[in-house]
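Undergrad: Mind docking chain B on chain A? Use the hints.
Number of protein chains: 2
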Amino acid sequence: MLPPKKTIGIIGGGQLGKMLIEAGQPWNIRYNILEQDNAPAKDIANHYIVGSLQDADKIKALAKLSDVLTYEIEHINTEALLELEAQGHKIIPSPKILSIIQDKGLQKLFFKQHNIPSSPFELVEHVSEWPQKMANLKGQKVAAKLRKGGYDGKGVELVNKADIEQGQIPFDGPVVLEEFVENAIELSVIVARNEAGDVKTFPTVEMAFDPKANLVDILFAPANISQAIDTQAKSIAQSCIEHLNGVGIFAVEMFLNQSGEVLVNEIAPRPHNSGHHTIEACYTSQYEQLNRILLGMPLGDTQLIQASAMMNILGFENVSGPYEMTGLEHILNLPGVFVHLYNKAETKPMRKMGHITIMGQDLHEVMQKLQTVKQHLGMKAAS
Amino acid sequence: MLPPKKTIGIIGGGQLGKMLIEAGQPWNIRYNILEQDNAPAKDIANHYIVGSLQDADKIKALAKLSDVLTYEIEHINTEALLELEAQGHKIIPSPKILSIIQDKGLQKLFFKQHNIPSSPFELVEHVSEWPQKMANLKGQKVAAKLRKGGYDGKGVELVNKADIEQGQIPFDGPVVLEEFVENAIELSVIVARNEAGDVKTFPTVEMAFDPKANLVDILFAPANISQAIDTQAKSIAQSCIEHLNGVGIFAVEMFLNQSGEVLVNEIAPRPHNSGHHTIEACYTSQYEQLNRILLGMPLGDTQLIQASAMMNILGFENVSGPYEMTGLEHILNLPGVFVHLYNKAETKPMRKMGHITIMGQDLHEVMQKLQTVKQHLGMKAAS
Numbered sequence: 001m002l003p004p005k006k007t008i009g010i011i012g013g014g015q016l017g018k019m020l021i022e023a024g025q026p027w028n029i030r031y032n033i034l035e036q037d038n039a040p041a042k043d044i045a046n047h048y049i050v051g052s053l054q055d056a057d058k059i060k061a062l063a064k065l066s067d068v069l070t071y072e073i074e075h076i077n078t079e080a081l082l083e084l085e086a087q088g089h090k091i092i093p094s095p096k097i098l099s100i101i102q103d104k105g106l107q108k109l110f111f112k113q114h115n116i117p118s119s120p121f122e123l124v125e126h127v128s129e130w131p132q133k134m135a136n137l138k139g140q141k142v143a144a145k146l147r148k149g150g151y152d153g154k155g156v157e158l159v160n161k162a163d164i165e166q167g168q169i170p171f172d173g174p175v176v177l178e179e180f181v182e183n184a185i186e187l188s189v190i191v192a193r194n195e196a197g198d199v200k201t202f203p204t205v206e207m208a209f210d211p212k213a214n215l216v217d218i219l220f221a222p223a224n225i226s227q228a229i230d231t232q233a234k235s236i237a238q239s240c241i242e243h244l245n246g247v248g249i250f251a252v253e254m255f256l257n258q259s260g261e262v263l264v265n266e267i268a269p270r271p272h273n274s275g276h277h278t279i280e281a282c283y284t285s286q287y288e289q290l291n292r293i294l295l296g297m298p299l300g301d302t303q304l305i306q307a308s309a310m311m312n313i314l315g316f317e318n319v320s321g322p323y324e325m326t327g328l329e330h331i332l333n334l335p336g337v338f339v340h341l342y343n344k345a346e347t348k349p350m351r352k353m354g355h356i357t358i359m360g361q362d363l364h365e366v367m368q369k370l371q372t373v374k375q376h377l378g379m380k381a382a383s
Numbered sequence: 001m002l003p004p005k006k007t008i009g010i011i012g013g014g015q016l017g018k019m020l021i022e023a024g025q026p027w028n029i030r031y032n033i034l035e036q037d038n039a040p041a042k043d044i045a046n047h048y049i050v051g052s053l054q055d056a057d058k059i060k061a062l063a064k065l066s067d068v069l070t071y072e073i074e075h076i077n078t079e080a081l082l083e084l085e086a087q088g089h090k091i092i093p094s095p096k097i098l099s100i101i102q103d104k105g106l107q108k109l110f111f112k113q114h115n116i117p118s119s120p121f122e123l124v125e126h127v128s129e130w131p132q133k134m135a136n137l138k139g140q141k142v143a144a145k146l147r148k149g150g151y152d153g154k155g156v157e158l159v160n161k162a163d164i165e166q167g168q169i170p171f172d173g174p175v176v177l178e179e180f181v182e183n184a185i186e187l188s189v190i191v192a193r194n195e196a197g198d199v200k201t202f203p204t205v206e207m208a209f210d211p212k213a214n215l216v217d218i219l220f221a222p223a224n225i226s227q228a229i230d231t232q233a234k235s236i237a238q239s240c241i242e243h244l245n246g247v248g249i250f251a252v253e254m255f256l257n258q259s260g261e262v263l264v265n266e267i268a269p270r271p272h273n274s275g276h277h278t279i280e281a282c283y284t285s286q287y288e289q290l291n292r293i294l295l296g297m298p299l300g301d302t303q304l305i306q307a308s309a310m311m312n313i314l315g316f317e318n319v320s321g322p323y324e325m326t327g328l329e330h331i332l333n334l335p336g337v338f339v340h341l342y343n344k345a346e347t348k349p350m351r352k353m354g355h356i357t358i359m360g361q362d363l364h365e366v367m368q369k370l371q372t373v374k375q376h377l378g379m380k381a382a383s
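So the sequence lines, in the order shown, correspond to chains A and B.
So for the first sequence, this note's numbering puts the first residue at 1; every next one is plus one.
So for the second sequence, this note's numbering puts the first residue at 1; every next one is plus one.
Treat the hints with caution; some may be incorrect.
One copy or two, either will do: identical chains are not told apart, so a pair holds if it fits within one copy or between any two.
[Stated by the list, open to error] No more than 25 Å apart at the CA atoms, straight line, and that leaves these computed lysine-lysine pairs for DSS-like: (1) K352 x K5; (2) K200 x K112; (3) K154 x K352; (4) K200 x K369; (5) K380 x K6; (6) K90 x K344; (7) K5 x K42; (8) K344 x K380; (9) K374 x K5; (10) K234 x K112; (11) K234 x K96; (12) K148 x K348; (13) K58 x K344; (14) K6 x K348.
Rather than coming from a laboratory, the hints here were simulated on the basis of the structure.
The structure displayed is predicted, hence computed values, not measured ones.
Isolated chain A (complex conformation) (with noise of 0.2 Å):
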């Protein structure tokens, strides 16, 4: 019977969390969420525990309760999964791309052995190995990224060798040391591959980083590319994942370098931020796909309506607390454009507070009601 009347159990309940809930809705699949207390997808969930997503025993009973388990979040305990896994449980996607992702080190090695395109890396383990590893590295400058526990920016700086040099080195745990990918565009597609191993791609998007967030504040799809780059970039996304042998939905962020090379950055195991516009965009969304994969249904065709543009709605820097949003009257009147609130009760600085998708004819009718959108977007205090 499709849709299985199916219990989906989701190990954390961020934003993520409750777009995949709500995409699953029509289908009347249930959801049970593991995460701490005030989870954005809290009140959507059929059923919700309460605790840390390196809780053993938590996870274990959210396994029990549930036909199969997903994650929206890399920093769980994978020890529990794997252990829930080699007992049987159904773990979508399997811990052990989860073992190999949540280590920035290992993906690299990965990348490496299996001739993925990626920039040249050393591994640090102590601080005293850090100068003489980056000297193996071009260039003057450094993308240093913890090897675990970094998350939306955290835990990856842009470093300048000469500051290294003189000591001012910014982590000290294991970390891997990449050359910087100079004037670099940033790609990404979503990957949906299921049981069968039936792949799709979502269409390429191009994103925009806002250089104080160090986060993807806007992106377009279609990406500003030729059709080369395109075929080139969605091949080399879907190989990392046949490679991986993954089942899921992942994430592969790519740098377009100056000289036209396609090189991969990283990978998530999971919905992804450079995917929010297929709610609206694509016949059907990563988080449709997801819920497709988890149930064991046919993939879904992941091709674009119309143009579309993805901007992120961050915490404004003079904001923190409870909050309102401001301007929404004037960016609710204009034809295509879609606003998705996280259902956080507080803001802070930079956090993801929700999103708003534009669809037009093309590109350049998305970039007149981005721009209208980015005029009248406002935060304050509750009042």
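TA: Just chain B now, kept in the frame of chain A:
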């Protein structure tokens, strides 16, 4: 603040209520519902009052817990709502409008009073009056409708004058008899009007009825009509709602007769079957639009993104009780095909169990996909 943190109370928890709630989740709107046990919306409402839609006490309890009330069905306790409105509770649409609409005789008198084109009619109080009143109407057939209580094709009969003269009278309550519009094309325009008096119409749709079920089976948007007829249909629909001073979402069902005249059939003061496709096919759905109106937000743009069709999934003739849908694995493979299931545990012949929206570049592409959908969709008793 937009969207405001308000709670909407819905009288009725059927599929229309369910889809209204689904539309509000990206904005974290809270919903209370009043419905008999096992309502389609039960799993996704924030609070669920179990009771009859006629129970004044339950309706008052719902009002007490909600900032604004709406309803997704006409057959409810209007007196209780009139009382609540007089006490200052916000009810959208006003129960004064509901009092007119839920009596098909008053509806016809309203059309006549405001020169809204509609087929000639007679009101009948007693069975004895039928032959005489019927003689005032042209044609061999008459559409006979119970003034109150009809729904989804029940309480409506197409009768032959000859049968009536022989005493075969189908209803014995107060009835409206209408001249039957021969070979009519059935159109529907959904009208949104907010408290500020702003009005927007959704694109005109064309309905194809299943003669067995007497309720809409398939609709197409855009309707295959001339620009002039389209403009006329929208103008008449808008004028109906303005004359009613209606605030809310209203479906205006119309006949296009063989002379090219547009005649109003009936108005529904709620989201309507003929607007399900707007969830995916329009920038703003009828459900989001009603949420906007209920919360005092600006009306959204109603333009059609692509050509579309909507097909009701009706309970199959030979299946009753617990059931399974079959063939969905083929249907879900089609691009631009969206399946909505109404969370009903049991089927019966012709019961509305869900709907399927189909989008495409043009109606030709949509029709091709529709054929594939019809070919595969099946239903069987649960194994």
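Undergrad: Please go over all the hints and tell whether each is borne out by the structure.
TA: For each hint, the structure was consulted:
1. Taking the shortest Cα distances, K352 and K5 sit within 25 Å of each other only across copies (19 Å), while inside one copy they are farther apart (33 Å).
2. Only within a single protomer do K200 and K112 lie at most 25 Å apart by alpha-carbon distance; the minimum there is 24 Å, versus 57 Å between protomers.
3. For the identical chains of this complex, K154 and K352 are intra-copy neighbours only, at 13 Å inside a copy versus 50 Å across copies, given an alpha-carbon limit of 25 Å.
4. Taking CA atoms no more than 25 Å apart as the test, K200 paired with K369 passes between copies only; the shortest distance there is 20 Å, against 30 Å inside one copy.
5. Only between protomers do K380 and K6 lie at most 25 Å apart by alpha-carbon distance; the minimum there is 19 Å, versus 42 Å within a single protomer.
6. Taking the shortest Cα distances, K90 and K344 never come within 25 Å of each other, neither inside one copy (31 Å) nor across copies (28 Å).
7. Taking the closest pair of Cα atoms, K5 and K42 come within 25 Å of each other both inside a single copy (21 Å) and across two copies (16 Å).
8. Within a single copy, K344 and K380 get their C-alpha atoms as close as 14 Å, which meets the 25 Å cut-off; across copies the closest is 43 Å, which misses it.
9. Within a single copy, K374 and K5 get their C-alpha atoms only as close as 42 Å, which misses the 25 Å cut-off; across copies the closest is 23 Å, which meets it.
10. In this assembly of identical chains, K234 and K112 lie within 25 Å of each other by CA distance solely inside one copy; the values are 19 Å within and 62 Å between copies.
11. For a Cα distance limit of 25 Å, the shortest separation of K234 from K96 inside one copy, 24 Å, qualifies, whereas the shortest one across copies, 58 Å, does not.
12. Taking the shortest Cα distances, K148 and K348 sit within 25 Å of each other inside one copy (24 Å), while across copies they are farther apart (55 Å).
13. For the homomeric pair K58 and K344, the shortest alpha-carbon distance inside one copy (23 Å) is at most 25 Å, but the shortest distance between copies (32 Å) is not.
14. Taking CA atoms no more than 25 Å apart as the test, K6 paired with K348 passes between copies only; the shortest distance there is 23 Å, against 37 Å inside one copy.
Hint check: a violation occurs at hint 6 only; the rest are consistent with the structure.
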